[in-house]
Structures are given as C-alpha cells and as structure tokens.
Amino acid sequence: SDSAGSGSDSVETVTIGSVHPLSGSLAGVGGLMNDGAKMAVEDINAAGGIESLGGAQLELLDGDSQGEAQVGQSEAQRLISDGAVALVGTYQSDVTQNVASVAERSDVPFVIDVAVDDKILEQGYKNTFRIQPDASSMGQAGAQALVAMGEETGEPIDSAAYIHIEGAFGDSVFAAFKEEAEKQGITITKEITYSGSNFSDATTQVSEALAGNPDIIAVTGYYPDNLLVAKAVGSMANDTKAVFGIASGAFDDTSFPAAAGDAGTEVLSANYHYSATSDRAADIRARFEEKYGKPMETASMLSYQAVEVIAEGLEESGSDDPEELRDAIAGLSLEDPLLAFDGPIEFGEDGQNENATVIVMQVLDGKVEQVFPQEFATAELVFPTGSGN
Amino acid sequence: MAITEAPAAPAADKRNPLTAGGTRITLTIGGIAVVGLALVYLLGDREPALITQYLVSGLLLGGVYALVSLGLTLIFGVLGIVNFAQGAMLTLSMYLVYVLQSSLGLNLYVAVVLTIPLLFGFGWLVQSMLLNRLTEDASHDRPLLVTLGLSLLIVNVLLMIFGGRPKSVDAPVSGSIEILGALADTQRIIAFGGAVLVAAALTLVLRKTSMGLAIRAVAANGTGASLVGVNVRRVYAMTFGLGAASVAVAGGLITPFTTLVPTAGEQFTTLAFVIVVLGGLGSIPGALVGGVFIGVLQTVGSLYLPGSGSLILVFGIFVLILFLRPQGLFGAKQ
Amino acid sequence: MSLLTLDGVSKSFGGLKALGETTLEIPEHEFFGIIGPNGAGKTTLFSVLAGQLAPSSGQMMFDGVDITGWSADKTAAQGLVRTFQLMRPFESMTVLENVTIASHNKFRSPHKARDHAAAVVERVGLDSYMYAMSGTLPTAGLKRLELARALALEPRMILLDEVLAGLVPTERAPIIDLLRSIHADGVTVMFVEHIMAAVMALSERLLVMHEGRELALGLPEEVIANQQVIDAYLGEDYS
Amino acid sequence: MILELDAVSAGYRRLEILHELTLGVQEGEIVSIIGANGAGKTTTLRAVAGLISTSKGSISFKGEPVHNTRPDKLVRSGLVHVSQDRALFGNLQVLENLTMGAYTQPRNTIASSLEQVFDLFPILKERRAQRADTMSGGQQQMLAIGRALMARPACLTLDEPSIGLAPNLVAQVLDAITRIRDTGVTVLIVEQNASQALAISDRAYVMESGAIVLEGTGSELADSAEVRKAYLGM
Amino acid sequence: MTATDAPAAPQAPKLRPANGAKRQYTFLLIVIAALFFVPYILPDSAQPVAVRTLIFAIMAVGWNLMSGFGGMFSFGHAVFFGVGAYTDAYLLTAFGVSPWLSMIIGAVLAAGVGLTIAYFCLRYKLAGSYFALATFAFAQMFYLLSQNLGFLNKTDGINVPLLPEESWAMLQFDQDSKFYFWIPLVILGLAMAVTIYFAHSRAGQFAQAIRDDATAAESLGIKVMKYRLITVAMSCAITAVAGAYYSQYYLFVGPEQAFGIHVSTDAIIPAVIGGIGTIWGPLIGAAVVGPLSELIAHLLRNPPEFLEFLQGTSGLDVAVYAALLIVIVIFLPKGIYGTIRERMRK
Ligand SMILES: Nc1ncnc2c1ncn2[C@@H]1O[C@H](COP(=O)(O)OP(=O)(O)OP(=O)(O)O)[C@@H](O)[C@H]1O
Ligand SMILES: Nc1ncnc2c1ncn2[C@@H]1O[C@H](COP(=O)(O)OP(=O)(O)OP(=O)(O)O)[C@@H](O)[C@H]1O
Ligand SMILES: [Mg+2]
Ligand SMILES: [Mg+2]
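If you read the protein sequences in the order shown, they are chains A, B, C, D and E.
Once you know that position 335 of the first sequence is 335 in my numbering, the rest is easy, because the numbers rise by one and skip nothing.
Offset between the second sequence (1-based) and my numbering: plus 389.
Offset between the third sequence (1-based) and my numbering: plus 723.
Offset between the fourth sequence (1-based) and my numbering: plus 962.
Offset between the fifth sequence (1-based) and my numbering: plus 1196.
Worth flagging that the hints you see were computed from the coordinates, not collected in a lab.
These numbers come from a predicted model, not from an experiment.
Careful: at least some of the hints might be erroneous.
Stated by the list, open to error - Partial selection, computed: residues in chain C whose CB lies under 10 Å from chain D:
no. : residue
1   : Asn761
2   : Val788
3   : Ile790
4   : Gln808
5   : Pro861
6   : Val891
7   : Pro892
8   : Ala907
9   : Tyr956
Stated by the list, open to error - Okay, the calculated beta carbon distance ranges per label pair:
no. : chain 1 : residue 1 : chain 2 : residue 2 : range
10  : B       : Pro437    : E       : Leu1345   : 50 to 60 Å
11  : C       : Ala948    : E       : Arg1537   : 56 to 66 Å
12  : D       : Asp1144   : B       : Gly582    : 32 to 42 Å
13  : A       : Arg287    : E       : Phe1232   : 45 to 55 Å
14  : E       : Phe1505   : A       : Thr254    : 52 to 62 Å
Where a beta carbon is used, it is the ideal one built from N, C-alpha and C, also for glycine.
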C-alpha cells in the first residue's frame, strides 16, 4: 500500500478503517460499534478536524468481518489498500488476531476497541494497542472488587462458585480470578463450564453451582447464556449473597434488566464500562441515542474512544504517516477517558492500556447503575442482594 | 428420498413408519435409559438430588429439541430435503410472535396460535416456489444448498428489519414448580406439553385425514401417488407447510426463555438432524423420543463431560446408531 | 469334471428361506436353463453364486476352487460373471466406456482395454450406439450392454438373468443366436428365463425351482411334461 | 372415441421420441399397441397419463383436451394408468395400497370397489395385510392393476402388465384384463407378448420409431404376414 | 387394416469419440497461465479476495473428487481442511517444521482420517443423505474435539508467528506479495491436473462406475471398497493442502476456521454451482462464488444512485448473496459448466 501520507501538513482527509461484525450472529453489537466510531469521526470533524494537520478531516471506511476471521483479515487489507492509516476493531478475539497480523505486516497502527483475549498482545506486535482491560486483568480486578465490597459492607465473602463459558475468554478470566481470590482467602467451591455454541438451559449448571452453598455465584460469558444463568438463579431457592458477573456480556447491558425481569434485580457486574459519571460520556450517549435510536452500549463507547485515540495520535504526530502515528499513539497520555478507568489512557510496552480497569455495576430499579468503587458510583450498592430468597 | 443400501428384511414392520408406535423399540430404549440412569444414580458418585435435577432439566430440554425436530422429520422424511433453514424458520416464528405481541399487545399464547397459519403459509410458498422442482428430481445436494441460502436469507432479512440487538417477550406465566426435589421451569413444561401436543396432532393428521393418507403415499412412492390421483406438488407444499407450522409452535413456546436475536434458532438445526435420523426419518414418535433421548443424554452426560464434552458424546452416539441401525430407532427398514 | 458345484447352498432373509438347500453340479460347457414361478428364488441363487449375497449355508466350488463367501469382484475375477435382471448401466458413461470398465479388468493397457471393449460392443451388435450415453439406450440395447460387459471379462461361466425379458420376439432371435455363439466359444452358460420358446431351444438341461427348492431337473422335454411343473409354472396352456 | 391422440409429439428433454402420433380408442374396447423395443410405446402411455408433457398435437379424453394435464387430474376424470414399474407403495400393506387407489372416490364406495378387485384377484384378499414390496412379481402386478381399478376408471392404460411373469401368470393377467373390459372399462394396453395381446384385443396399432405404421383389428394383425414376421417372430 | 406412412428412420446417435486427457491438460495450462497475470490487473484491495477464491477452488476440487466423481456426498470436508490447517500450524509452532513439509504431512494425515471415516461409513453401507449426515457428524466431533484439546490451544487456536523477513522455506512473504496468489494457483493447477489424470485413469473410471452403480461394478470384478477409498484419500489430501495454505496465509487457525460448518459448505457450494462431477465445474464455481459476496458488498458500499437508500443496511449484502445462491441452484440444475456442456452436446 502506497497510500500512506507524506507527513506534510497539507493533508485534507485522513482515513481510518473500522472492522466490525456487521452481519452474522454478532451484528447487533457490531453495528453499534461501527456507529460509535462513525459518530466519533463526525464529532471530531465538527470540532475542526486535526489541528496539527491543518484541520484535516477524518474519514471512516467500514469493513464487515461477518464474524469470521478470514473475512476480517481481507477487509482489513482492503481498508489499508484503500488508504486507511489506522484501524479500529473488532470485538471478537479471533478476528482481532487476524487483523492485528495485517496491521503488523502493513505497519499500520491498530487500536483494539473490544477484544478480550490476553493472547492478542502476546505476539509482540508493535502496531497493536488495546483500550479495554484484558481477560486476566478483569478476572483479577473482579476478585479484588469483590473483596473490597465485602469489606466495605461488612459482609465478608468466603466462597464462590464460578460458571463460565468454555474457551479462552472464560478460561483466562476464571484463572486470573481464582488466583487472586485464593490469595485473598476466598475458596472456589466449584468451576462449571458450558459450551457457548449450544446452550439453551442453565438450570443444571446453576443447581450444581448452588450445591456447594457458595457465598456468591460468579459468571463469565456472553449475553444469551448469562441471561439464562441469571434467570435460572432467580428461579431457584438459594441463599447466596449475590450473582456477580465478571466480564459478563449481559449483566450491564441496557437491555438486560427488561429481559431478565425479576431475575435481574440487583445482579452485580464487574466489567469495563463507559463512565456514567462523566458529563462528556453522558452527552455523547444522549446524542448517540437520538441519532441512531438505540442506547449506546459500552462497546460502542469504546469504538468512539478508539477513534479519539487515533485522532489524538494524529494531533501529536502532526503527520498521517502510519509509522509516525504509531509512535505517537504509543507515547500517548489521553486524559478524560470516556470509560471508567483508573486514569488517562496510556499504552504499555505490549500495547495494553495500563490504566484500564473494571468497575462494578448493579441492576437497580430496572436500570444498570455504577455502584463501586465510590468515585464512579451513581447509586448505592445493595449487598448482599435479594437474590437469596 | 435417501435410502441406504442395506438389504431389506421381509415384513419387518408391517405398520406405516410415519406413525408407527414401535412398542418394542420404545421398551428397549426405555430399558436402556432406565438402566443407564440407575447406573448413574448408583455408581455415578454424584448427589442423587443433583442427578434428579439434571434428569428433569434434560427431559425438559429434550422437549424443546423434540418440538424443533417434529417439523423437520416430516420435511426430511417425506420430501427428503435436508432442511438447513429449520433453525432460521424457528427464529422467524419467534420474531413473528415478538411482532404480534409488541405491536398488537397480544397474549403470548394467542400470538403463538396466530403464528401457526403464518408459518404454514410461508412453508407452503417456499416449497412450491423454490423446492418443488428439485424435490421431483430427487436431488439431495441442490435442496440442501437452497435451504442453506434460505437460512442465510431469513437471518439477514431479520437482521435488516430488527437489527441485532436482543429482544424479549413477556410471558403470561413464569416461575417454576418442583418435581422430586428438582426445579422445573413452567415455561419449559409448557413447551414440553406443546411437543406432545404437536406430535399427537401430526399423528392424527397423518392417520386420520385423507391428506395424511396422501402424505404417506407420496412418501412411499411419488409417481404411484400421482397415479392414484394425488396432487403430488400440493402434498409437497402441504408437508413443508405442516413442518413449518410445527416450527411455529416450537418458536413460539421457546421464545420466553430464549434471547431473541436473528441467529437464535441456529443452534438447534444441527441437533434436530441428529434427532430426526436417530428417531427414524419421517417418524413422529421417533422425533419425540429422539428429542427427549438427546436432551437427557446431553444434560446428564454433562455431569461427567462438562461444556462441549457431552456434545461429543451426542455425536458419537449418533454415528454409532447410524452404523448399527441406519433406519433409526423407529424407522422401518427400507 | 464339473465346473460348478453347489453343496447344500441356501439363503434366508430374516425368517424367509428364499433359497432352500440346493445341491447341483454343472459340467464344463453346459447350457443350463432355470425356470420357476416368480419369487421362486432364481435371482437369489444367482446373487449367491456371484457373491452379491453370502449363502446362509452350504459350499460352492468353481473350477476346483472353494468360492463360498467370496465377494462379487473376486468371483468375477475368477471367471464367474452374472448379468442383472433389471439392467444396471453406468449411466454417466457411453456404451463403449461401460464395456471398457469391464475389459480394464482383463487388460492393464488402456488402449488394449479399449480395443477389446470395442470388439465386444461390435460383437453384441451395439456398434451403432458405441458412443451413445448408456442411459438413453432402449431396452434391447440395455440388454445387449449387460451382455457385452459380462463378455468383456472373458468369463469361464456366465449367469444370465432374464436377458430376453422385455424384448419383442424379433429382438429375441439375434440375442439367442449370440448366446449360442458365446456358448460355442466354450463358455458355460446358466440362464434364467420365462420365455419358454427360448428356454426349450437353448437348454441342455433344465431346472425348475419352486419356493426356493428344486421341483424338477432334467431334459427340457421331460421337465415340461411334469404335471407339478405345469401346475406351478406353465399353466394349462402347456398341458 | 373416448381417448384420442392427434398428431402428438413428445419426448424427454430435447429428445423427441413420438413424432406426430395419432391413435384412438373407442369406449369399451381393448386396444393394444405393439412394436419394437424403443419404438416409443411406453412414452405414448406416459404422455397419455400426464407423466410427460407433449410438445405438439393434442390428446383428448371424453372429448376434452387433456394433454399436459397433471396425472392426478386425469385420474379424477377417469383415466388411470398402470406404469411399467408398477409404482406401488412398497412399505404400505396390500389393503392400504388398494384403499389409496380409491383416493379420488367417495369413501362409501371403497367397500364395493374392494369387493370387485378381490373377486378378480382373490390372492390380494388373502394377502391383504402383507407389505407390498414383499409380494412376488406377479402378485405385485395384480396389486398394481387392482389399485388402478379402485379408482373406478373409465379408461385403463397398462404398460406391459405381463413383463417378467411366469407363463401361467401371463395367461391369468391377460384373462383378468378381458374381464375388466367386460365390466365396461376401456383398456389401452402395451404388450410384448404380442400374439397373446392381439388375441384379446378388439383393435391394435403397430408402432415404429415413434409413429403408428399399421392398425387393424386384433385378428387382422395377428394374421398379417408382415406383423407375424416383424413382431411375432414367426 | 390400414397402413400409415412409415416414419423417418431413427436418427443415428450422436457420436462422442474419446477426447483424450491431452486437450484438457492443454486447456488447464492455458487457464493457469492466464490466471498468472491476475495480480497485475487486480487492485491491491482485491488480492485477498482472489487468494480466498483460490483456496475455495482447491477445496472444491478436492471435494468434487470424492463427492462428484466418487458419488460419496461429503458434508464434512471441514475435517480434512482442518486437519491440514492444524497440522501446519501445530508443526510450525511446536517444532518449526517448514509449511511445505507440513502440507505433505497434513495431506497424508487427512487422507488417513478420511480413509478411516469413509471405511466405516461404507462398511455400514451409508449412502446418500445418511452418508452426508455421518460425515457432518464427524466434522462436528472434530470441531468439538479441537475446542477441547490442550495441545491445539483449545478455543484459542494457533497463531503462526510473523517472521521479520520474507522466507520461502517458511512460506511467508510481504503482505501484498504476489506469491501469496501464485502459490495457491500452482497448487490449484496441480489439483486440477490430478483430477484430469484421475478422471481418465483406470482407477478413476472404476470410481465413476462405482458411483453410477456399485453392485454392477462389483459384479464386473471391481474392488468397490478399494477404489472408493482411493478416491476419498485423494480428495482429503487435496483439501488438506488448502487447509495448510490457509494457516500460512491467515497466520491463524482456530476451531471455527478449521472445522466450522461453513468450511464444509465453502467446499460444496463452488462445486455444486459450477457443476458437480465435472472437471471444470469447481473452478468455474469458485470463480463465480468466491468474489460474489465481495462484489455485492462493494456494490452496496458504493451504490448507484437509485439504490442509495440501501447503503449501510447491515445484512443486506449477505441476503443478496443468499438470494443469488438460491436462484443459481434452482435455475442451473447441472451447475454452470454442466449446463453449458449439455447445451453444446445437443
Ligand atoms: N433382499 C431381499 N430381502 C428380503 N427378501 C428378498 C430379498 N430378495 C429377494 N427376496 C425374496 O426372496 C424370494 C425369492 O426372490 P427372487 O428374486 O430370487 O425370485 P425369482 O425367482 O428371481 O423371481 P422372478 O422370476 O420374479 O424374478 C422372494 O419371495 C423375494 O421377495
Ligand atoms: N428418460 C429417458 N430419457 C431419454 N430417453 C429415453 C428416456 N426413456 C426412454 N427413452 C428413449 O425413448 C425411446 C422410446 O422409449 P420407450 O420406453 O417409449 O420405448 P418402448 O416402445 O416402451 O420400448 P420397450 O419395449 O423397450 O419398453 C427409446 O429410444 C429410449 O431409449
Ligand atoms: Mg428374478
Ligand atoms: Mg416400454
């Protein structure tokens, strides 16, 4: 690809490629993410574009991975040869993997908005960055949050049963959780796995989890299956203190409270999340919802953020040369993140955002509220929850 | 229709395979199941209460599987079509229920009843517009590709209309009851009942109506049927329509406990094939028993093989049965 | 010395004994006819001999070799070849290709196999259909094709299952002549037929089967005079 | 004429087999078609039965044009075909096959039709609970004819009903056909056993390469030197 | 008695003299030579699609051997593709084995797996849809197994590490290198050559005879199981090479990419669309199907004015693709090549 810019400051448009699953089973979230990225581009352009490039306008080219790794890869290649100087994407770990290799070979920076697998950044690729926390740090942070919440409410947690999806995502979140939890004195009474591709009833998994009388049931997985888990817990007599999602695809989704009904009440979720206490985030969400008629989920906010990261990189480097852009992103410190993070967005050696972290949400009054830590809280934590009945 | 090369036994099953009860087979499967479960209870090294919960959940899951498979067994058994759009049709019916409920504010079960004729019509159209010619050519690769295309088409059109965000419906009943200390979700019990009802209704249609007679005749010999005055194309369309109508019941009854996205039904397609072949092509009781059998096998199996492990077991048993009893549990030998 | 010997050979399908214990000796170069009512077990006998079906009991010797339980391809390679009552052409192939398939088993060289096949096709009188797709042949052509494929294997003994059925009388004559010439070449022939004129003209010995068993065996004239044969098979017109 | 073919052309895909073929059958007749293998006899009956479409010409039944009409509609109007391969419902019982034959008839007539068929072929009554595909060749042929009769045809077309049958059965079947005709059914029959067929026929056609070359009464043709030489092998 | 005019004599059957394999080899050479220049014509952005199309074509050629020429309809070719893909990725990452060698090892392994599966399916006389479903079930088992096997990294899949330099031995080039196109092109050429050779060989003729009528073939002395298995082994081996190349080109393989249902259908669709059981069918089919979804997506991204309103509707491109697929299957019953050939013959 020879479309990389010259580095002069007479550029008119800078192209960013966005690869997300716009069709297939993940089309729902993929579409939201694409819209998030689009809106970021529009906002930046409306605010005068990239100043250091003489007010250059951003342009977003979108690619549809269809949820398949090889399609994602060829879409990424297409976008780069059509002039993209940076990529954002892609939601799925395997697709992200392939896009990361394209980015590396083409020397184009790639900012991962969502993709959880630790492994992606373990390849030693220098062009790939990730904003969200990775799987193992979420597991670890989840355990820490749990302990802290227990201490704060005076309801110490001694044991947990863990239900998670099979595969890299679930396994690594669980492993990190377990390590940290055991360090903190929490026993894991049971690890129960299920297959994500064929899961239409969670009663057995939940009853197995409840059999050990754990203080809490921890859950990691995607939307449909976690919804099933919540419903199953809701239907069974138990005296656990809480259902606690860690990197759960469902529990902090805006559609979850309605879908789960009573079973969703007071369910907790430790996850990366848009910052509900940030006015900037609130403004973006409001405009998003008005524009697209759909609530802006966290994943979508991450795509927005990823475009901002690239824009900031362009601003810093004053060049649309991908390699200079890459260096600028690597050295970035982006204040006022839209996500509830522990500080500015800064990438470590491996490209991971070092200040990425999870916060705890809870379903209260049919809404997802941020409850922990205190600095991000929008509502009062209820713990132990009513799920023990 | 696909026929194995296995030599035929004389007068194997004098009854008609579409509705044959297969008492002996039922007893055999029942026996194996009871012995297997007894072994699990005695030697399984798990708490009995837990096993009971798995068993009950497995039975109820089996009911769902059976519901989805009942329509397929007609389509596969009579028309010989490997219908890859089964899962997509299931999703379609779920969205129809959703639309009826959210736009007209109908009670869920009323919506389900209204969906039945809609899907019947859909099935009728699909068969008469897309598949009839291929069915007559007795080709099996082309219908397979057409239904594959159809499945993609349905899923993506749903995506275009409804987007990919999860939807949900309100159910008038909820909660659960206790059976032998195990918890059984009311909606799933209703779905199970639905499966039995649909099976009974289909059996009645096949046994007692002249259309049922015609369907059986077409299944036995298409040309022969046309030579006694059966409008074969109409029977094809009717059969696909009936298959689709059963799918409507399935979709409607599982909607309350399923996350409604355009790909929601997909996970059932594969297992439905396993169940239909297991039960015997075109056998209504076979689909029912096969569904329950697979549901229990998968669920109880997951006590020892968690996650996808129990599915390997399911496919393993499937292949074994294909080898040892290719006509399926309830199929008469060809 | 007998070419083919059956000793107590039988075949059952489930509970049905399609072929009862049969003992039979066919000397080299005999022209041996079989008749019998529908369902008597004639085709079953052929299938057992040719290896399509494994016998339920008994022993079969061909050319001094025990062929009991042999598969069809092995039996054919040994020189015992059958044709089918319901014709089974390889429909995606031309007539010549059909026959070449068989002659490939005799000749490794593709050219030799082809030339041999072409000669056989001519011999059975299908030369004008040489390159026609076999699926479009009329009945008479298919019957000849069945014969041609069997002949291309240069068998020692050939089992013909109703090669004349479905042929109009005028079509029968050339096939009957062909069978005679095959026999004259030294091939032992065993055939099943319902067309009595041909049966009488061709058979040196005639076996009548009934419900899987031998009802009569002997010279054709003797056999058709047998009252039991008339009752079970021929009907009053022949009495 | 209850059945009339006028300059009918038909065939398979692009291959035309029948070339402007013309023939007719009077009510209450047995008419047979004889001819060489591949002459197109089966094709003719299949065109009449609606199993293949015609490209030219017309077929009329009871005065109505019926070419390119679906087989099931023809059955309803009384034109019933027994195909060469019998097309029985193999995994259904004999009785079910027969009942199915009366698919187009009012239910209350089934019993009396059955009685007639059983009269004609007592063996079917005896074996009514047997699966069709386990019956012997001749029995299956009787079942096929019996099933056709259940539809109470005005006109019955039969394709080689005696093929592969033992000599005594050939006689039986042909005899049955005469008796069927005697009940008022018109019969159009294709037969290899030309001499026996001609013996029971009122009229007959000789077919060659997809067209009619000779027609006459059964005995005329049976006596014709030309026919004897060409088709009877005498 | 009336005599009608004797009709015209039956037309003599059309002759179809043997057309040796030579003409087909020549044609193949011309086609491959012409395709050689494709990377010079295509824009960079289309090259990945071209490579993907070639991979489809190789799979389809492999599938067609077993299912088209051999008549054993496989609905589980993902098994062989996946075995090839994983063999490559695993041997490379675990032992640093060169992909060229892995292709051969993968092919041999896949042939072995194919032989085992086919042997049992054939032994138990599965045919038609039953055979298809059995192979499908095996593919599902492999899929589930690969998700559960630790040495294959479970659901994580295996990454092929990126090399700093181009390397022929390790089959890695610059992202836009034309070799990424030419190598599968040569593999495709070889696979086609194998098909042509096989179709005309004694073994291939036997296989086709068995497909048409196994009982008749056996009674003519053909060892049915042997020739069926030969066909299966070749088919699986070719498909595995496609899989190995996949791992090298995409540098990543996981259970879904290796054994997913869509992999099996990717092998079937081009062959059926092009013409099943024909030599050129899979090639033509792949050439049509491979770029189809891309073309539709392209059209919808930059729609002509009257279609402007469709822009950005997610799912539309796949829906259009699906509709076209249905139409092609229904209206070209013998596939594109099969239909053309039939027209020409008549
Ligand atoms: N594969 C099979 N399974 C069960 N029964 C069979 C099978 N093949 C043949 N039979 C039965 O075995 C008996 C003998 O059949 P066979 O085909 O040998 O008769 P045949 O003497 O050749 O009759 P025809 O003159 O009608 O050809 C029949 O009753 C038939 O129904
Ligand atoms: N399905 C078909 N496709 C192509 N050609 C066919 C088909 N069926 C028959 N034919 C051809 O049509 C011609 C007439 O066949 P038809 O069966 O009508 O003859 P027939 O007079 O009944 O002869 P037979 O005595 O052999 O039954 C033959 O040349 C035959 O090869
Ligand atoms: Mg016979
Ligand atoms: Mg005929």
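Results for each hint:
no.: 1; hint: Asn761; in the structure: holds (4 Å)
no.: 2; hint: Val788; in the structure: violated (33 Å)
no.: 3; hint: Ile790; in the structure: violated (28 Å)
no.: 4; hint: Gln808; in the structure: holds (7 Å)
no.: 5; hint: Pro861; in the structure: holds (3 Å)
no.: 6; hint: Val891; in the structure: holds (5 Å)
no.: 7; hint: Pro892; in the structure: holds (3 Å)
no.: 8; hint: Ala907; in the structure: violated (22 Å)
no.: 9; hint: Tyr956; in the structure: holds (5 Å)
no.: 10; hint: Pro437/B with Leu1345/E: 50 to 60 Å; in the structure: violated (33 Å)
no.: 11; hint: Ala948/C with Arg1537/E: 56 to 66 Å; in the structure: holds (59 Å)
no.: 12; hint: Asp1144/D with Gly582/B: 32 to 42 Å; in the structure: violated (58 Å)
no.: 13; hint: Arg287/A with Phe1232/E: 45 to 55 Å; in the structure: holds (53 Å)
no.: 14; hint: Phe1505/E with Thr254/A: 52 to 62 Å; in the structure: violated (29 Å)
Comparing the model with each earlier hint shows violations of hints 2, 3, 8, 10, 12, 14; every other hint is respected.
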